[in-house]
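Q: Take each chain as given, in its own frame, and dock them per the hints.
One-letter residues, chain by chain:
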Amino acid sequence: MTSATDRLTIRARGLTKAYDDVVALDQFSIDVWEGSLLTLLGPSGCGKTTALRVIAGFEEAGGTVDIRSRRVLGPDTFVPPEKRRVGMVFQDYALFPHMTVEANVAYGLPKKSQTHRVAEVLDLVGLKRLGSRMPNELSGGQQQRVALARALAPNPDVILLDEPFSNLDAGLRDRVRREWRSILTESVTTAVLVTHDQEEALATSDLVAVMYQGRVVQVDAPAELYTNPADPWIANFLGDADVLPSTGHRGYAESEIGRFKTDLKGRVIIVVRPEDVQISIGEAPNATVNSSEFFGHDQLVTVALASGRLVRSRIGPRPTYQTGDHVRVRAIHAQVFPGQA
Amino acid sequence: MTAGPITTPIEKDASPQGRRSNRGWWIATAVVLLPALIPPISLAWQVVTQGIETPIPLGRLIELFLGTLALTVAVTITALGIGTATAWLTNRSNVPGRRLWMILAALPLVIPSYMAALTIIGATGPGGLLSIWLGVEIPTPYGFVGAWLALSVFLAPMAHLIVTPALRLIDPATEEAAMGLGASSVKVFFTITLVQLRPALVSAGLMVGLYTISDFGAVSLLRFDTFTRAIFTLYAGQIDRRPAAALSVVLMLLALVILFLERRTRSRAGYHLKSTSRRRKRIRLTGWNKTWALTFLGSLVFIALIVPISVLVFWLIRGVSAGQDLGMFWDEIGRSLSVSIIAAVAAAAASLPIAMVTTWKRGRFSNAAETGTWAIYALPHITVGVAVVAFALQWIRPLYQTVALLVLTYVAMFMAQSVATTQDSLRRASSDLEDASRGMGRGPWQTLRRITVPLARPGLLAGSALVFLSVMKELPATLLLRPNGFETLAIRIWSSTGEGFYTRASAASLALLAVSIVPLLALTYRDLSD
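One line per chain: the protein sequences are A and B, in this order.
Numbering-wise, the first sequence is residues 1 to 341 according to our numbering.
Numbering-wise, the second sequence is residues 1001 to 1530 according to our numbering.
The shape of chain B in the complex, shown without the other chains (with noise of 0.2 Å):
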């Protein structure tokens, strides 16, 4: 008997443009892309047809622009280095305690940036912890050496996370076809493992890429001039905000620049959903590499959760100690935590229309709505933050620093890793499911109840999980949106640390991460049952 139906492509419409079931489902989705667009857009012509009227001198536009991409281009790499070795050692090998390390491989993904500057800030330096654990002094490394360190560490588990499903999409068989042809486990890694990840490879290089020429908390702290920085700078010191705005669609067009790259490298081969039930043989690690494995493991968990977290401790006790305020903060954490979960639950809502119109009921515009998605996406935070002030203060005033504008910005921000992981789910099914519910005598509210949220369901609350995690973390558009007086935890953190205050600092980044670990276990969990 064959395996069963599974396995068999489904043949698409050439474009089911006609079928009225996906007219709901368009509208939906020009609902809740269109908006988002608007403000960058908005931003942008104004930008183009009012000129600046306060250049920037040339000169300083190309240092920063060459600061960002140097930083932009070695995080890449190094990231993706450390997250595809991390990936590979915790699937492929037989490293003693693979699953923990998988977890802790993981974990550094819910610190901040600006929290990994902060404690690589606190580790390193005079009456730093590794000084007083080491005895001996190590400078801080301020610039492009600490904000690649420190985004490089703290962005090497979101290209763990994406490569480690790929890895274990690929059909095993090559792998042992070309061991059978007498290859070594090092070339096969290179010529067979390697090619077949290029896809997630070029998806994490995009989503590392675009966080580092959009970061602004690492590299304001270490104090490395990029073009956030300087917005930020020009934005919060004058009261002509259209130099800030000028920066911004600069960094805007680059973000664009990247995503279209990404875009053309992307083969048309689309999707090979074979389900790999076969298990596969894990690499035995011997001698040398096992030692070698563990080190490299070991010293990525000491630098990238060990330090920062001893920081953190280490800050809190001497301040409490010392009899210092840590300061009420309760009103900050349900604060962040009713922010993170509207937006949450809302970005998850939203992309279920985009991630349909996108898979199951694809058509002409598909590929404009998941353009549309990314580009809000690769929009660096604090340009977002700008376009937003800026549409908001000449069209929608009363919702100028209101809750519901700073939570609306979060959605439109991070939908589109919901719509991934929603999409993902959706693809893992047939679109005839929903045919089959219609045909069965069902209406379109069962069929949507019974049959596709529940089929969308894996996916949906992945991105909520996600979407959960970045607005908990989130700084830069915060803090150019928050209504008066509303303090996040991040904000707290932020602000804490810039007026000196570590202790207070630490015991809301302790209260950050602590929040933040039930969304990422839970996005974890699912790797583990193998």
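So that you can see chain A by itself, here it is in the shape it has in the complex (with noise of 0.2 Å):
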């Protein structure tokens, strides 16, 4: 018989650690379902990688952690990281450099499967020909797809990746990461990366676990997440968002850009992203055109509405509009929240 907990990779439970009076987990809690990608994100200093390295066992905290079911931390356990089966891929990678790229590979796998296996990873990254190198004759990129390549080699029950495409510039991370991803589903793996990047973070994962002061402050695919945040600020951390303060009665929040759905009462406040604001121009203008940029794909206009309050709209190339122009802005989908803007 299997419970639903044996698909469970990891599970942590209330990690707390502090360092002196800097407080870098507080109750963090996660579940990592078997063969899937789960992201921490939040602003650096959050405790994500603290997170991670107590996972691995390079640090210890107060809480629990299950590896499949195996308690490796607790109260009276701590099992040290060469007993977990975790692989750990560094955010500067941490190749041993007086080792060839082949011996870097070989270094966790034992003797006689050796050989086989470090062919085996080095051909899934796609490094096949550079096993004799040096580490620091190989390009940044290079060296990041042997880390991984290492920390696959040993078939790890769970592989935890500490911002590994911060390294990279702009133009090859999406590439890489998609890259990456693959690797990993080819591999089955279940991995956890750690990202202070929401692009990364939405693009990637099946999960995305919002960290905010040591805490996990929301758990939620990266569509759901984006659309649904749970509070203002991890809608302005995801992504752009406009604020706008409204009152909640009989059922619907009213504003200059329209009225939405709630069951809220008293003051509230409005969130409204960009996309969904959308401009036109014509009848009963509400507001004017207050500067706009032009990125090619998209442009982004901001707009004056009556009470002097500012509102972003993403929409497509064509029309343009000039500052001063007259428009009518209209928000399609906005979330309410309780409080004061």
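Quick caveat, the hints were computed from the structure, so don't treat them as lab data.
Check the hints yourself; a few may be wrong.
[Said to hold, decoys possible] Chain A side only, calculated, beta carbon under 10 Å to chain B, not exhaustive: (1) 57; (2) 76; (3) 80; (4) 81; (5) 83; (6) 87; (7) 92; (8) 95; (9) 107; (10) 109; (11) 151; (12) 160; (13) 162; (14) 230; (15) 233.
Values in this document were obtained by computation on a predicted structure and should not be read as measured data.
Every residue, glycine too, gets a C-beta built ideally from N, C-alpha and C.
A: Below is the structure:
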């Protein structure tokens, strides 16, 4: 009989850690399902790397961690990192500078299976012919793939990725990310990725856990997270958003750019994303174009409402608007939260 | 594509103390560091609590203090000037024979100060080598001038060796930018290069300054009164050792004040591990500049290498042709070699935990561990000798006058050299490497053997070479601590000089130089690969 937790690769509960008086982890809990990629997303200093290091066993913390239903961290338990079957890819890759690429990859393998497995994973990451190079003879992207191959080689239960793309330049990053995603899928590996890059988190993950001050504040699938953030801070952190004050009344919250369903009563704030804001020229203008930025595939138009508040609208490349144009602005979707703007 | 991860700064944990892997290193650090601190502390405690019953007259104390201070300041300034000049010329200019000068500038480091003094005496005065060569008699510079000359010339290589790597780490772009703004190369040197060299100059100044206040051989032979000479006279001449102990504590405090001042000037900026892979254009010396550079380097090599070695060879030949007995000294060579090698290996082993807890495994006590290491190194050897003798007589009598205690004292005194080079090696690698190894299923011992030690190896080797050289030359602590009849090369040189057997002294000196040259060449070798 298989229970639901059998398919849980990592189960962390109530992890708590403080450095002197700085709180790094505060009741941090997370579930990672087998074969999935979960991203820990948060601003720098929110404790996401610490969480990863605690799971890997490089640091201790209060709380419990189970990997494949085996307790590895608890009040009386500490399984050392080498016995956790966890692969880690470090932000600076941490390749052993005194060993060849092959020796790096073979490092975590038992003697007899080395040759075969090293060739296999190097092939998987597309570095078959670079096995005899030293790490400093490789480009940044290649070093990074060696780091991935090395972590994958011993077939770990889970692979932990600590901001692995942050050292690559923007153009390369998207491609490498897709490549890695398919490598991880191909090797059916459970993975936890740490990043501060929203786009990266949303584009790569099955689930995203947003972290703030040592705590997980929301876990959801990328699309759900983006469209239904749990609070205004998350909404703002995940992408552009503008805020309008309003009042909840008879199931609606009214605003200058439309009315939105809500059960809330009293003071509320409406959070609207630029791509949900439409602009048109014509009858009953309610705003004036304040400025616009043109990006090619789209443009971001900022308009001033009658109240003086600024709202952004992301629209296609045509038509373009001039500063001072009188326009009609309407939001097709927005979220309503309790509170004051 | 970006240059790769090597240039990215490694984010340090705020305080990774909760990590189990650190405990072993901290315990090892305590085991090597705390025993080394005990003798000097107990000596200071003893003097402070019991007072001095036969006080040295205050006037005499002030006299000694001023003499020591004046010599230290003069030697430090001179040695830094010479060392920086040789480092700059051999690294940044196209002076002919650059690589040869690079070795020659470092080479006098193997000459101990007492040998330098000895050869100054041999070269000057009536019947001195220079009077034979030049036909003019140069009076022997006894006193301040002689000590200043001997120590400056023979400590300049220390400054040279510290400034050289720092000179290479300066980002060429900063100097190019200054030149692009129209600055002359002289202006660039003083406004850009020298400023960035400041940390290296401060630590070179510390090394040279501490060595000078600690020096015993040169000041004794050249008859300049400093603390060390006074301590030895008090120690050797009297049964009551308390005055010597009291003076030792004063000297110890002086050294610690200098160490403290150096710590204060250190910036908290930390290390910038930029790999300057870019080639740097060398400054072209032309016309008079080239002549001046060659004259400078030539006279330096003449004074620091040719004269001393000629004097030694001259004495040897003169003695042998006069039928003098050289005296067999294979035993002395064997003793010097074995204590130097054992101390070098032990010091390297002892330095690894200290280097670890001050780089990769930093924690609350890292600064204390580092300060402790340097504090022991800063203590003048004669005061360490006095402290260890006092401590051994009271607490560990069976160890008194044993080779074991002598070697342990060497390790404690010179460990810092090996710590510094090992720290340098470890700083060049990321502390994540150990975690990476653990994460891949290797336990702490395998990680130590396959990752940590190989990465630290260049520093451990360089450190052992430095310790070997230091032990080889060490005189005052050896004089105080050696078992009866335990003659090393240094002791033999010292005692034969004292008794006027210059032929013997010269043979032993040449043997000491020959033995020291191998580790020194190994040290300079890595600088040549540019």
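Q: Next, verify each hint and record whether it holds.
A: Hints and how they fare:
no.	hint	in the structure
1	57	holds (7 Å)
2	76	violated (14 Å)
3	80	holds (7 Å)
4	81	holds (4 Å)
5	83	holds (8 Å)
6	87	holds (7 Å)
7	92	holds (4 Å)
8	95	holds (8 Å)
9	107	holds (5 Å)
10	109	holds (8 Å)
11	151	holds (8 Å)
12	160	holds (8 Å)
13	162	holds (9 Å)
14	230	violated (29 Å)
15	233	violated (24 Å)
This entry does not satisfy hints 2, 14, 15, going by the numbered hints stated previously.
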